[in-house]
Amino acid sequence: MTSKQPKVWITLILILGFIAMLLGAFAYKHYKPEAKLHELDATVLTQSRTVKPFTLTDENGKPYTNQQLKGHWTFVYFGYTSCPDICPTTLAVLNQMYGKLLQTKTANPDVLFVSVDPHRDSPKHLKEYIKYFNGKFMAATGSHKQIQALTKELGIAYRIVPEKGKTEKNPGDTYLVDHSGAVLLFNPQGRLHAIFTQPDNAENMANEFLVIKKYAEK
Amino acid sequence: MLKKTFTILIVVITTLFAVQTYAAKKLAHNVKISDGYIRMVPNHLRVTASYLTINNTSSHAIYLVSATSPLAKSVQLHKTEKVNGMMRMVQQQQIEIPAHDKFQFKPGAYHVMFIGMDKPIYVGEIVPVTLCFKDTSCATVNMPVKSDK
Chain E
1 MTSKQPKVWI
11 TLILILGFIA
21 MLLGAFAYKH
31 YKPEAKLHEL
41 DATVLTQSRT
51 VKPFTLTDEN
61 GKPYTNQQLK
71 GHWTFVYFGY
81 TSCPDICPTT
91 LAVLNQMYGK
101 LLQTKTANPD
111 VLFVSVDPHR
121 DSPKHLKEYI
131 KYFNGKFMAA
141 TGSHKQIQAL
151 TKELGIAYRI
161 VPEKGKTEKN
171 PGDTYLVDHS
181 GAVLLFNPQG
191 RLHAIFTQPD
201 NAENMANEFL
211 VIKKYAEK
Chain U
1001 MLKKTFTILI
1011 VVITTLFAVQ
1021 TYAAKKLAHN
1031 VKISDGYIRM
1041 VPNHLRVTAS
1051 YLTINNTSSH
1061 AIYLVSATSP
1071 LAKSVQLHKT
1081 EKVNGMMRMV
1091 QQQQIEIPAH
1101 DKFQFKPGAY
1111 HVMFIGMDKP
1121 IYVGEIVPVT
1131 LCFKDTSCAT
1141 VNMPVKSDK
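Note that the protein sequences, when read in sequence, are chains E and U.
For the first sequence, the working numbering begins at 1 and goes up steadily by one.
For the second sequence, the working numbering begins at 1001 and goes up steadily by one.
Here chain U stands alone, though its shape is the one from the complex (with noise of 0.2 Å):
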């Protein structure tokens, strides 16, 4: 009897770590990641940014809150505004990807940016880069390094 509640206790837990690290692992199947690169920048320069489409057909408002790459020590989400006529570029803590919306991160707005890059990047290069959502789901992306001079 005991080994039966024991072996009962047992699956139940289990079954609940494997949903519990589900969540936590992947991204949901109506959220889709595409078009993500790396901009090529001079082999001396330490920092870069990455632009990406966040396509979320679900019926709810996802958020990105992180990204992280082994090609940075600090991987930042952030805008860059005009703020009377200067360009300034604000870290954002959460960026809002609406119900059936597409989110597109471009040059001179929305971007993850690479600060402390070891080692230079080259063209054709692929770089993992993990972002992860409000909901604790998160996707790795391998981006190509792309030169859009």
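Chain E on its own, in the form it takes in the complex (with noise of 0.2 Å):
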């Protein structure tokens, strides 16, 4: 008997030891780490920044500036209405983004598009536009004046292509506008917080946005 029982112990010690290496097994394959800020694919200054005061006019004429960035975290895409296919397509997961959202506790953030075509892309011609799209999206334009007045800030790039053989001040009916397809997260002080520069995955566009307010919240 008193020779047999060490024996018992070991087995048993060996049978928990074996327990314990699967649990452990388990566990690492199943415990997921909390995104990393500089693992995102969206761009996260380190420190937000401070954007100079700017006026544009939204879809029903009013002034946005500054102010209208404050209170809520804000998407800011870039763009024009005649742009026939990475508008249309930001614009879809932008509100594909925005659904996906929704089904989760946080408050919505606002998404605001601007037009750097102002010469064709009214107020008017802009709410039909934007609100097709998302009836809670909102649209801004000003003079190009006012428009670099907030692209320069944002290191935001964009050129008028006149049709052939036209110039840029008289660029035909058909131009086309390069514009940067970046869409830009200002945090609820307004200040420029991340910037997505691949702003084609509205699942992961959501996630990241997710993982972004957290830590600013920390």
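Incorrect hints may have been included.
Unchecked claim - These stretches of chain E come out as covered by chain U in the derived footprint (C-beta under 8 Å, 3 or more residues):
id, stretch
1, 75-85
2, 109-123
3, 151-165
4, 178-187
Said to hold, decoys possible - Over 12 Å on every C-beta distance to chain E, these chain U residues come out as not near it, computed from the model:
id, residue
5, LYS1026
6, THR1048
7, PHE1103
Unchecked claim - Here are a few chain U residues that face chain E, going by a calculated C-beta distance under 8 Å:
id, residue
8, ALA1028
9, ARG1039
10, VAL1041
11, PRO1042
12, HIS1044
13, VAL1047
14, ALA1049
15, MET1089
16, GLN1093
17, GLU1096
18, GLY1108
19, MET1113
20, ILE1115
21, GLY1116
22, LYS1149
Derived from the structure by calculation, the hints contain no laboratory data.
A quick note: this is a predicted structure, and the numbers were derived from the prediction, not measured.
Don't be surprised by glycine CBs; every beta carbon is placed ideally from N, CA and C.
Take the two lone chains and join them into the complex the hints point to.
If you want it as structure tokens, here you go:
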């Protein structure tokens, strides 16, 4: 009996050890560490940036200034309505992202489309355009001088591409506009917080927004 | 004798002409166009794009050179590219679909651009789009208007 007891103990220890190993392996496999900011696709600024005062006109003809960026997160995308491919693609992604955020308990961010083509995009025209994508989305524009006060500050570039044989001053009716494809994220203090340089995946953007927000609120 | 020669001549000319028109019209059996659609846009807009897939199972490359449609005055082949952080659309004179390859037109990349539509489009509406290739073959595809927002 006494000679057999250590053997029983050893067996028990071995079995317990094996179970612990299995549990450890299981925990290791299923443990998901929270995404780190630097691992995101979005570029999160190490320090959010203030934006100099700017004044645009929104889709209802009312001023849209720095004040309108405050009190909520805001996604801002620059484009133009006569843009056949990338603008509707990005606005569709933002609409899908918005839908995914609606399913969470997060307060919904604002989404603002800034037209860099004021010649063709009147506020009325912009309203019809933006509400097609989402009734909650907003749009704004201004003179090129007003727009550039904001874009230069944010590192957003755009350029009118005239029709063949036309000039930038008289570009024709169907000119195109090259423009930055990025989506900018402003925090509730109205400061530039993060940049989505490749805004093509709604689910990823929604998830990353939640991570960015969580870190900012820590 | 003269009559016979004349008849033969007529037959030869007609056959040649028939072969010629056939080649000018019909797409090779091993080139398939699928999944084509026109993107729905707000009613007041006069531009849109369409996306499609061309599957070339033949043993040589084919080249898409033009598209036309009653939908718009101008229909162009374009590619959206990112250049120095800016999204730029570059008109394509031809698009190569390599042998034994599938070529996808998709949002944010290659697309068929419709400029100057003279009326609004509606979801479910069917729009014919004729695609022509370098070898002069053409195919008319009926594309539905779809919302992808």
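Hint-by-hint comparison with the structure:
1. 75-85: Answer holds; 5 residues pass the 8 Å Cβ test.
2. 109-123: violated (count 0)
3. 151-165: Holds: 4 residues of the stretch 151-165 of chain E have a Cβ under 8 Å from chain U.
4. 178-187: Check passed, 5 qualifying residues.
5. LYS1026: Non-interface label stands for U/LYS1026: nearest chain E Cβ at 30 Å, farther than 12 Å.
6. THR1048: Since the minimum Cβ distance to chain E is about 6 Å, U/THR1048 lies within 12 Å and the statement is violated.
7. PHE1103: For U/PHE1103, whose nearest Cβ neighbour in chain E is about 17 Å away, the distance exceeds 12 Å, so it holds.
8. ALA1028: This interface hint is violated because 29 Å lies over the 8 Å limit.
9. ARG1039: Status holds, d = 6 Å.
10. VAL1041: holds (7 Å)
11. PRO1042: It holds, given that the least Cβ distance between U/PRO1042 and chain E is near 4 Å, below 8 Å.
12. HIS1044: holds (6 Å)
13. VAL1047: holds (5 Å)
14. ALA1049: It holds, given that the least Cβ distance between U/ALA1049 and chain E is near 4 Å, below 8 Å.
15. MET1089: holds (6 Å)
16. GLN1093: This hint is violated: U/GLN1093 lies away from chain E, its Cβ roughly 13 Å from the closest one there, beyond 8 Å.
17. GLU1096: Hint violated; U/GLU1096 Cβ to chain E Cβ min 20 Å, cut 8 Å.
18. GLY1108: Hint holds; U/GLY1108 Cβ to chain E Cβ min 5 Å, cut 8 Å.
19. MET1113: holds (5 Å)
20. ILE1115: holds (5 Å)
21. GLY1116: holds (6 Å)
22. LYS1149: holds (4 Å)
In this structure, the hints that do not hold are numbers 2, 6, 8, 16, 17, in rising order.
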